[in-house]
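Undergrad: In case you want the letters, here they are:
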Amino acid sequence: MRVGLPRALLFHKYHTLWTTFLEECGFTTVVSPPTNRRILERGVALAVDESCLPMKVLLGHIDALAGRCDAVFVPRQEAFERGEHLCVKFMGAYDIVRNTLPDLTLVTYDVNAEHGIDERRSMIAMARALGVRAGVARRAFDRATAAQHAHEVELARLQQSVAEAPRTGDVRILVVGHSYNLADELIGAPILSYLRTLGAEVVTSDEVDKALARRHGAAMSPTMKWRYNKELLGSIELYRDLVDGIVFVVTFPCGPDSLMAELCARRIEGIPMTTLVLDELAGEAGVRTRLESFVDILRERGRRGHLREVGS
Amino acid sequence: MSERLVTFPHMGEYWIAFETLVRELGATPLVPPRMTKHTLELGARHSPEFVCVPFKYNLGNFIESLEAGATVIGQAGGGCRFGYYAEVQEAILKDLGYEFELVNLTSSWSVGEFIADFKRIAPGASTLRIARAFAIAYRKAKALEAIEDRVRKSVGFEVERGAHDRVVSRFHQRLRDASGFRDTARLEETTLGELGAIPLDKPEQPLRVGVVGELYVLMEPFANHNLERRLAEHGIEVHRFVTLTSLIEHGIRSRPHVRKLLGDADPWVKYHLGADGTESVAMTWKLMQDGFDGMAHLKPFGCMPEVSAMSVLQRISREHTFPILFVSYDAQTAETGIRTRIEAFADMLAMRARGRTSA
Numbered sequence: 001m002r003v004g005l006p007r008a009l010l011f012h013k014y015h016t017l018w019t020t021f022l023e024e025c026g027f028t029t030v031v032s033p034p035t036n037r038r039i040l041e042r043g044v045a046l047a048v049d050e051s052c053l054p055m056k057v058l059l060g061h062i063d064a065l066a067g068r069c070d071a072v073f074v075p076r077q078e079a080f081e082r083g084e085h086l087c088v089k090f091m092g093a094y095d096i097v098r099n100t101l102p103d104l105t106l107v108t109y110d111v112n113a114e115h116g117i118d119e120r121r122s123m124i125a126m127a128r129a130l131g132v133r134a135g136v137a138r139r140a141f142d143r144a145t146a147a148q149h150a151h152e153v154e155l156a157r158l159q160q161s162v163a164e165a166p167r168t169g170d171v172r173i174l175v176v177g178h179s180y181n182l183a184d185e186l187i188g189a190p191i192l193s194y195l196r197t198l199g200a201e202v203v204t205s206d207e208v209d210k211a212l213a214r215r216h217g218a219a220m221s222p223t224m225k226w227r228y229n230k231e232l233l234g235s236i237e238l239y240r241d242l243v244d245g246i247v248f249v250v251t252f253p254c255g256p257d258s259l260m261a262e263l264c265a266r267r268i269e270g271i272p273m274t275t276l277v278l279d280e281l282a283g284e285a286g287v288r289t290r291l292e293s294f295v296d297i298l299r300e301r302g303r304r305g306h307l308r309e310v311g312s
Numbered sequence: 001m002s003e004r005l006v007t008f009p010h011m012g013e014y015w016i017a018f019e020t021l022v023r024e025l026g027a028t029p030l031v032p033p034r035m036t037k038h039t040l041e042l043g044a045r046h047s048p049e050f051v052c053v054p055f056k057y058n059l060g061n062f063i064e065s066l067e068a069g070a071t072v073i074g075q076a077g078g079g080c081r082f083g084y085y086a087e088v089q090e091a092i093l094k095d096l097g098y099e100f101e102l103v104n105l106t107s108s109w110s111v112g113e114f115i116a117d118f119k120r121i122a123p124g125a126s127t128l129r130i131a132r133a134f135a136i137a138y139r140k141a142k143a144l145e146a147i148e149d150r151v152r153k154s155v156g157f158e159v160e161r162g163a164h165d166r167v168v169s170r171f172h173q174r175l176r177d178a179s180g181f182r183d184t185a186r187l188e189e190t191t192l193g194e195l196g197a198i199p200l201d202k203p204e205q206p207l208r209v210g211v212v213g214e215l216y217v218l219m220e221p222f223a224n225h226n227l228e229r230r231l232a233e234h235g236i237e238v239h240r241f242v243t244l245t246s247l248i249e250h251g252i253r254s255r256p257h258v259r260k261l262l263g264d265a266d267p268w269v270k271y272h273l274g275a276d277g278t279e280s281v282a283m284t285w286k287l288m289q290d291g292f293d294g295m296a297h298l299k300p301f302g303c304m305p306e307v308s309a310m311s312v313l314q315r316i317s318r319e320h321t322f323p324i325l326f327v328s329y330d331a332q333t334a335e336t337g338i339r340t341r342i343e344a345f346a347d348m349l350a351m352r353a354r355g356r357t358s359a
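Residue numbers (the working numbering), protein chains in the order written: chain A, 1 to 312; chain B, 1 to 359.
Some hints could be false.
[Claimed, not checked] Below 20 Å or equal to it, Euclidean Cα-Cα: the simulated EDC-like pairs (lysine to aspartate or glutamate) are:
id : chain 1 : residue 1 : chain 2 : residue 2
1  : B       : K270      : B       : E319
2  : B       : K153      : B       : E204
3  : B       : K119      : B       : E101
4  : B       : K270      : A       : D103
5  : A       : K210      : A       : E154
6  : B       : K260      : A       : E114
7  : B       : K270      : A       : D118
8  : B       : K270      : A       : E114
9  : B       : K270      : A       : E119
10 : B       : K94       : A       : E269
[What the hints assert, rightly or not] Listed below are several chain B residues computed to face chain A (Cβ distance under 7 Å; list not exhaustive):
id : residue
11 : G83
12 : D95
13 : V269
14 : K270
15 : Y271
16 : M304
17 : V307
18 : V312
19 : R315
Hints listed in this document are in silico derivations from the structure and should not be mistaken for laboratory results.
Note that beta-carbon positions come from the ideal geometry of N, C-alpha and C, so glycine has one too.
Given these sequences and hints, build the entire structure.
TA: This is the structure in structure tokens:
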């Protein structure tokens with residue numbers, strides 16, 4: 001059986017866990033290609049108009065998998081820990097897809113710590129329902145979580161290396177955004193690569209020890225309830241003394257991000273910040289101009305700071 | 001210490017219940033000035049650009065109340081962005097230079113924390129006093145809801161225009177002054193009697209439309225541009241099921257409630273969509289099966305739980321030819337646009353109904 005994985009939403013965080021698990025269970029995995037214009041256009045056509053950009057991207061990827069696999073994998077996540085939330089689109093993704101493309105065969109598993117539904121039991125149950133033997137599914141889960149853990153340790157190590165390494169450019173920028181936006185070929189990738197073209201050194205909010213970031217995020221904003229926004233806030237705390245500026249990448253009309261960016265603008269002082277709001281119509285030229293002027297401002301500040309140091 | 005003047009956001013006529021709550025707690029209430037376009041402009045000016053519109057209305061209320069001298073703000077929250085409103089609004093208002101204390105009632109549904117929150121509104125209030133204050137306010141909210149429910153169903157058929165409104169405005173005045181449970185219950189009963197005596201010109205089988213969606217724009221007529229009333233004026237019996245007290249009751253018993261909703265929403269959704277999304281699906285399916293002529297689905301622009309529900313609602317509407325009017329509200333929503341769409345929707349329902357009876 002071929003299982004299709006849409007390259008969207010949490011795939012960018014959990015691809016190691018998911019592909020390892022499915023393959024260890026004996027399935028063939030098919031991943032949709034990196035987002036391109038066609039995928040986005042299909043997603044925009046399929047989605048409810050007011051859906052957020054990442055949801056449109058998801059639907060485009062699912063459409064791209066139709067006919068290329070026997071079932072499409074669309075997990076459903078509500079909470080990984082008690083008292084913590086995810087954006088509701090992760091709760092609704094499975095049912096949104098099911099009602100938008102009713103003829104597609106889907107496979108899913110549910111994670112909801114509030115109700116004691118944990119990832120291990122859910123993923124194993126999903127595999128069992130597809131005819132995988134219990135022992136095989138359990139072993140697959142253990143291997144998949146080990147692989148995922150190694151991947152996350154690597155991200156945390158990147159954080160450490162940024163802290164210790166000498167700078168490679170005259171400005172260093174932290175780009176804050178959800179992994180599904182920053183890692184997307186059409187949304188975040190052009191921003192990261194253009195910043196590098198401008199000679200800036202780029203670190204992303206994804207390159208952190210996630211648990212540590214969540215603790216810092218919770219301290220910065222006591223009622224922040226979204227897990228991934230806590231990670232983003234925490235990344236700012238972990239990197240703020242190591243970078244010259246912060247770029248927020250927000251997709252329209254993301255609720256959690258709109259409030260988080262507002263709070264950051266009001267609570268974080270002493271470091272230049274800018275917010276890029278992207279939608280399916282965002283022209284590359286406008287974004288580039290914004291990035292150019294932001295990098296110019298950072299360079300200017302850097303020169304002045306340098307002069308002050310020399311003068312003192 | 002200066003006097004504690006406690007304010008809260010507006011939502012429909014619930015200010016009467018909120019005012020009673022604060023007063024019964026032993027603090028001084030400050031009812032925010034009536035909503036105007038200026039309230040929204042004020043709120044929108046200081047809000048993040050694409051945050052959902054209830055945030056902007058709430059913030060506008062707070063600014064107007066602080067200008068009027070409020071020193072304490074009570075804010076609630078919900079299972080979506082609403083749960084994060086309070087902290088961001090507090091930061092915005094502090095940056096604007098206001099001095100106040102914000103009591104965030106979102107923390108949890110646990111009774112202990114609820115009581116602790118109320119003690120922050122009125123320091124020194126005993127637990128017994130808090131329980132009594134809450135119960136009286138709750139009873140007043142129930143009375144409001146009973147009256148509004150009746151009005152929605154009959155105002156479209158009144159023979160003399162304005163007859164319902166006259167009774168209702170007197171009711172609001174008296175409800176404000178009602179001193180306790182018995183007073184409130186008696187007032188509710190007399191008012192229902194007065195409403196029942198209003199002459200109606202109502203057909204045997206009137207058009208029936210359900211109103212479903214996000215709680216704030218559902219319950220704040222100023223924000224939904226009086227959608228319920230405008231529908232009613234086209235000779236429609238309007239039904240709404242989401243009320244403040246229903247939300248509180250479901251919040252307290254959230255797990256069994258969600259389980260029931262998932263049963264009602266079967267086969268359309270398998271999992272809870274978050275906030276009121278599942279409720280919207282369950283209600284749509286129920287209204288359709290109950291033979292309603294149509295439905296209006298209301299939400300703030302970009303409201304994710306309701307956008308999720310819409311993917312299901314659009315499918316139900318398509319596969320069962322069930323008319324649904326989808327309306328999204330933001331700070332720029334124009335009154336005329338809403339009015340025209342309601343007119344067209346009502347005409348279409350009337351036409352369908354005529355087609356049915358002549359067939």
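Undergrad: Does each hint fit the structure? Answer for all of them.
TA: Hints, one by one, checked against the model:
no. : hint            : result
1   : K270/B / E319/B : holds, 19 Å
2   : K153/B / E204/B : holds, 13 Å
3   : K119/B / E101/B : holds, 13 Å
4   : K270/B / D103/A : holds, 16 Å
5   : K210/A / E154/A : holds, 11 Å
6   : K260/B / E114/A : holds, 17 Å
7   : K270/B / D118/A : holds, 17 Å
8   : K270/B / E114/A : holds, 17 Å
9   : K270/B / E119/A : holds, 18 Å
10  : K94/B / E269/A  : holds, 15 Å
11  : G83             : holds, 6 Å
12  : D95             : holds, 6 Å
13  : V269            : holds, 4 Å
14  : K270            : holds, 6 Å
15  : Y271            : holds, 5 Å
16  : M304            : holds, 5 Å
17  : V307            : holds, 5 Å
18  : V312            : holds, 5 Å
19  : R315            : holds, 5 Å
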